[in-house]
Amino acid sequence: MDEFAQKLYDTFILDDRWKYLTNGLCTTLIITVFAVMIGMLLGFLVAIVRATHDKTGKLKILNFISKIYLTVIRGTPVMVQLLIIYYIIFASVRIDKTFVGILAFGINSGAYVAEIVRSGIMSIDQGQFEAGASLGLNYPKTMLFIILPQAFKNILPALANECIVLLKETSVAGYIALEDLTKGGDIIRSVTYEAFLPLIAVALIYLIIVVGLSSLVGKLERRLKKSDRG
Amino acid sequence: MIEVKDLRKSFGDLEILKGVTINIEKGEKVVVIGQSGSGKSTFLRCLNRLEKPSGGSIMFEGTDLIAATDKQLYKVREKMGMVFQHFNLFPHLTIRKNLTIAPVKLRVMSKEEADERAEIMLKKVGLADKAESYPNMLSGGQKQRIAIARALVMNPDVMLFDEPTSALDPEMVGEVLELMKQLAEEGMTMIVVTHEMGFAKEVASRVVFMDGGVIAEENDPQTFFSNPESPRLRAFLSKVL
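Protein sequence lines correspond, in order, to chains A and B. This note's numbering applies: residue 1 is where the first sequence begins, and numbers increase by one. This note's numbering applies: residue 1 is where the second sequence begins, and numbers increase by one.
Hint data in this document are derived by calculation from the structure and do not stem from the laboratory. Just so you know, nobody snuck in bad clues.
When the alpha-carbon atoms are kept at most 30 Å apart in a straight line, the in silico DSSO-like pairs for lysine-lysine are as follows: (1) LYS5/B x LYS201/B; (2) LYS219/A x LYS97/B; (3) LYS71/B x LYS60/A.
In isolation and in its complexed conformation, chain B is listed as follows:
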């Protein structure tokens, strides 16, 4: 589904990604961990081209994202949902409008269809009663669940999560992880950048350790956590576990 080859990204003289290669199949749940500055967020943001890679290739469902025109790129993004660390809900719109603005303005649904689908998604994330509220009236956990619902309304083929629980108060982390776990069980393809090792162990089909702009190690969660090969990963795990 997603084929990344030798992906590179520099900001000025600073090389963040130094050749990342990974294939992600449909239905996989890939959890990416690593220290701050290891390039994991940049990697994720390159996947839907919020960052323009400096080199390498990304193929998504047969489209070359490096060579894609702007128009193709926006089409592709409709199929890649993204959840941000800071939610990025639209503060001037009600929750319902937050969910429906993209499908309606992109004309992939009529207003009625979008409202209906928003209703279903709000029920799914357990916030059906918040449809007419504004984002500022919600708690952090609720905001992030709405952000997930907003991405799901577009019916994406893959969901990208960029540290979805890092900006949350500890008592709200659980509700967001629970929702993500539910999504995973329903078969959604997910790529999750996170510091939640419990989530990685429980939900991931593959865990990826990024270090210094490359994938230093990847494995199924069982082996990854119990039998880390590289000393860097061992050192990292001993710090976070």
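So here's chain A without its partners, still in its complex pose:
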């Protein structure tokens, strides 16, 4: 028992080592939150371009660019994308690594969000587009006020899941020496030569956040469903 207490002390208390975890958690959350924002923005734009092209045949060039973006991003591992952005695209500039992380994960997430949103748009009955058009609403207005609100409700669970996946994926940020939560735990392991406690602590922190987020989404979903049943 004493030995375990000693290990706890060495892992978390000695030299304020717990700060590796809290600072790391901060970095992880910052990267995730901003990457989600970029991902959503990018994803919705690309999805609207793709869906508009599929429905009306317009936006050919933008659709072509979007398709290349989706193919490249979804066809390569996120870690490779991260390394390329850091070591090739920003090779000659000194740049904040957190920013690089946000950009890389945001661009990556955008591709997955785009396909989720597109499937949401395509799942809305064609009659809704026609009803909007028959009232004189043009395509962008119909999209914005009629289609997207309905699509958003349908895809909310998938979008939330994408956020959760993204949170976990940021754990490879250590490869560009970003001190995120995972890296923080790993640093403690490398100074104490004790793997169990720091890594389990890291895993628990991820788990708690993910479970918390999932329950929040569940609540939101139930509230949105009210308009279906009244």
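Guided by the hints, dock chain B onto chain A, whose structure is given.
Relative to the frame of chain A, chain B by itself:
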């Protein structure tokens, strides 16, 4: 008001409309009947350009709908109300918002004006108490009456009905037809695609029989039903009456 000349529409190799010509005057109530696949719904959907015609011309209040720009087209649609077989109410909006979203977003009315007008239209269709409900809480007949109110809020010059009672349970058909009859009496110009022969007899100023992508016969309802000229129409009527 609406002049259609030699209207054609193909889907791929399949020619649905093979040259439809008809003039519709203000205040007319034209009922279009015919078998499934005769092109009557496609004809109606071409009138407000939900389908893009492959040939011919459509003039509406002086605007050429074939040559119209997208912008003109949306302007024209504000003046052509449409009622769909499957209602197509917006499920994420309350009934009030269903009625007001178009006039408000198109800036033809302020929010207050639109609310006021929605109130009047809801009273007209007898559903004033449903303003805060969502579409899923309504019966089919109620949904279709709301759909009619939604089109009326825009103050259209003509109303297009695409089989408005075909998706309804039999006991709800009456309330929708009653409302349409009331509209007709108020002088609304109406083009109605339907299988309701009783409605055609009672309300139509002209009945049009479509067959094989053309107008095979048209007449006032009296002559149309009692004295059909073409054998095809006679055969059709003997099946449905």
